[in-house]
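2 protein chains.
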Amino acid sequence: MCEYMGLLKGGKPMSGKPEVLYRHGDHYCLAFTDLVTGQGVQANQFLIVHGEHTLLLDPGGDLTYIPLNIAITRYINPKKLNYIFASHQDPDIIASIDRWMINSGCQVLVSKLWDRFLPHLLSAHVDKQVGDFNDRVVSIPDRGMRLPFGDSELVILPAHFLHSVGNFQLYDPISKILFSGDMGASIGDDSGAALVTDFAAHIPLMQGFHRRYMCSNKATRLWARMVKQLDVEMIVPQHGLAFKGANMIGEFLDWISDLECGVDRVQQQDYAVPS
Amino acid sequence: MCEYMGLLKGGKPMSGKPEVLYRHGDHYCLAFTDLVTGQGVQANQFLIVHGEHTLLLDPGGDLTYIPLNIAITRYINPKKLNYIFASHQDPDIIASIDRWMINSGCQVLVSKLWDRFLPHLLSAHVDKQVGDFNDRVVSIPDRGMRLPFGDSELVILPAHFLHSVGNFQLYDPISKILFSGDMGASIGDDSGAALVTDFAAHIPLMQGFHRRYMCSNKATRLWARMVKQLDVEMIVPQHGLAFKGANMIGEFLDWISDLECGVDRVQQQDYAVPS
Numbered sequence: 496m497c498e499y500m501g502l503l504k505g506g507k508p509m510s511g512k513p514e515v516l517y518r519h520g521d522h523y524c525l526a527f528t529d530l531v532t533g534q535g536v537q538a539n540q541f542l543i544v545h546g547e548h549t550l551l552l553d554p555g556g557d558l559t560y561i562p563l564n565i566a567i568t569r570y571i572n573p574k575k576l577n578y579i580f581a582s583h584q585d586p587d588i589i590a591s592i593d594r595w596m597i598n599s600g601c602q603v604l605v606s607k608l609w610d611r612f613l614p615h616l617l618s619a620h621v622d623k624q625v626g627d628f629n630d631r632v633v634s635i636p637d638r639g640m641r642l643p644f645g646d647s648e649l650v651i652l653p654a655h656f657l658h659s660v661g662n663f664q665l666y667d668p669i670s671k672i673l674f675s676g677d678m679g680a681s682i683g684d685d686s687g688a689a690l691v692t693d694f695a696a697h698i699p700l701m702q703g704f705h706r707r708y709m710c711s712n713k714a715t716r717l718w719a720r721m722v723k724q725l726d727v728e729m730i731v732p733q734h735g736l737a738f739k740g741a742n743m744i745g746e747f748l749d750w751i752s753d754l755e756c757g758v759d760r761v762q763q764q765d766y767a768v769p770s
Numbered sequence: 496m497c498e499y500m501g502l503l504k505g506g507k508p509m510s511g512k513p514e515v516l517y518r519h520g521d522h523y524c525l526a527f528t529d530l531v532t533g534q535g536v537q538a539n540q541f542l543i544v545h546g547e548h549t550l551l552l553d554p555g556g557d558l559t560y561i562p563l564n565i566a567i568t569r570y571i572n573p574k575k576l577n578y579i580f581a582s583h584q585d586p587d588i589i590a591s592i593d594r595w596m597i598n599s600g601c602q603v604l605v606s607k608l609w610d611r612f613l614p615h616l617l618s619a620h621v622d623k624q625v626g627d628f629n630d631r632v633v634s635i636p637d638r639g640m641r642l643p644f645g646d647s648e649l650v651i652l653p654a655h656f657l658h659s660v661g662n663f664q665l666y667d668p669i670s671k672i673l674f675s676g677d678m679g680a681s682i683g684d685d686s687g688a689a690l691v692t693d694f695a696a697h698i699p700l701m702q703g704f705h706r707r708y709m710c711s712n713k714a715t716r717l718w719a720r721m722v723k724q725l726d727v728e729m730i731v732p733q734h735g736l737a738f739k740g741a742n743m744i745g746e747f748l749d750w751i752s753d754l755e756c757g758v759d760r761v762q763q764q765d766y767a768v769p770s
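Chains as they are written, first to last, in the numbering used here: chain F, 496 to 770; chain Y, 496 to 770.
Just so you know, these hints were derived from the structure itself, not from any lab.
Which copy is meant is left open, so a pair is good if it fits within one copy or across any two.
Below, in silico cross-link-like pairs of lysine-lysine (DSBU-like), each with a Cα-Cα straight-line distance of 35 Å or less:
no.	residue 1	residue 2
1	Lys574	Lys512
2	Lys575	Lys623
3	Lys723	Lys713
4	Lys574	Lys623
5	Lys607	Lys713
Values in this document were obtained by computation on a predicted structure and should not be read as measured data.
Chain F with its partners taken away, still in its complex shape:
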């Protein structure tokens, strides 16, 4: 028997206690939702465990390094972490790479567009301790890839220009969770809810972000068509609430397919010498 439990509750003090997104046998997916303190935008970090195999998804920067390290220690030995998956190159995604690389033997999965940018996060001193950087990074080709994960696998899906020009998402075929990064992200919910329950009421928490950060309707539409081919039980973004069940996921995919965003909306006046 498998379980889908509550997740992504906002507005509570840092506990480090994750929400269990899925658990069945020795396979589980955890969401850490309350580790961001201070001025930073709320962000979720995720741990996927399959027996002895472990992957951390978008662990963030220095702000969340220590709290996340402590939090995952309840479940795994951080020194034995196998993989970090970085959906893209942002500060809230992967800026703590230096500390994870030194303190574990993990490999970092990141777009080939960003593999040569990540070394800028390591001082020359740290770089020497890490060893050959190229041995520690798996460059994801633009088409994505399937990552063997014990006797299972994880599917790395292309989501370019949403928002980053080199951007990926992770689909776990066992839990049927799509970890969608910034797609579907919402900001400002303080209801304490875990899941979107009223799609129309949720739109105002997503609309401004998606209109401005997502590059073009062409990309959102092509992405949504791809996702409709998959058997998805939950879409879990990196910020805010999750979408669960075919109806709610369908509503989100229809909405994002029709959204005018990014370069669709710019005009010459948006590229003008400021007065």
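The hints should help you fit chain Y onto chain F, whose structure is shown.
Leaving out everything else, chain Y in the frame of chain F:
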């Protein structure tokens, strides 16, 4: 009398000695071109000085923090640095923000799209030392702004979706230099040259990057039209060689205006579940 000197020479060992892009009286613009070591992509960092007023442009991450700090000490007191300008949010742009904020009283200019993401670069411990983060960050509105700089000013120009969704460039009306960030960036030149001399021969060093990282021809075209309104003597990108003089700048602006890139080039097959 003012001087434009050689710059951006590639393939030499780290010296920390900058190229002088411009100097006239107490106004000068310096390019640090050889501070990146190891596996990271080559990147230029810039210092603009106007009398007692100082601005550092895209200083980078931990990789360049110490070398750049040492290098600028020959010219200014780093503790008295007034501004850091971050064109966008990437690791090679602004990941060392924590160290600059602690070791100087500088303010950081960055797109309002990224101001809430930068705190992820600071541990909770560092955040306490920095004081109120909001007092240290100037959020640039989408339209850009003019920054008073002693008895002069610097013009912050919108360059969104090129490549970052929230992206700016800096124009210095005294030197007439446009610091263009990733626009015009070239990778792989090992000639030791400072400036582009043969535009057609230079295209192969730019084309792959601009086609894949720039979001859309709509954005490149609108941006180029804006730049044509300005009196620009040099376009100096963050990677590689610079463009100098009306003819060479015109060639670049015409080329980028016509370039199909980013979402213009994607199709459904680029958003497909990998097999």
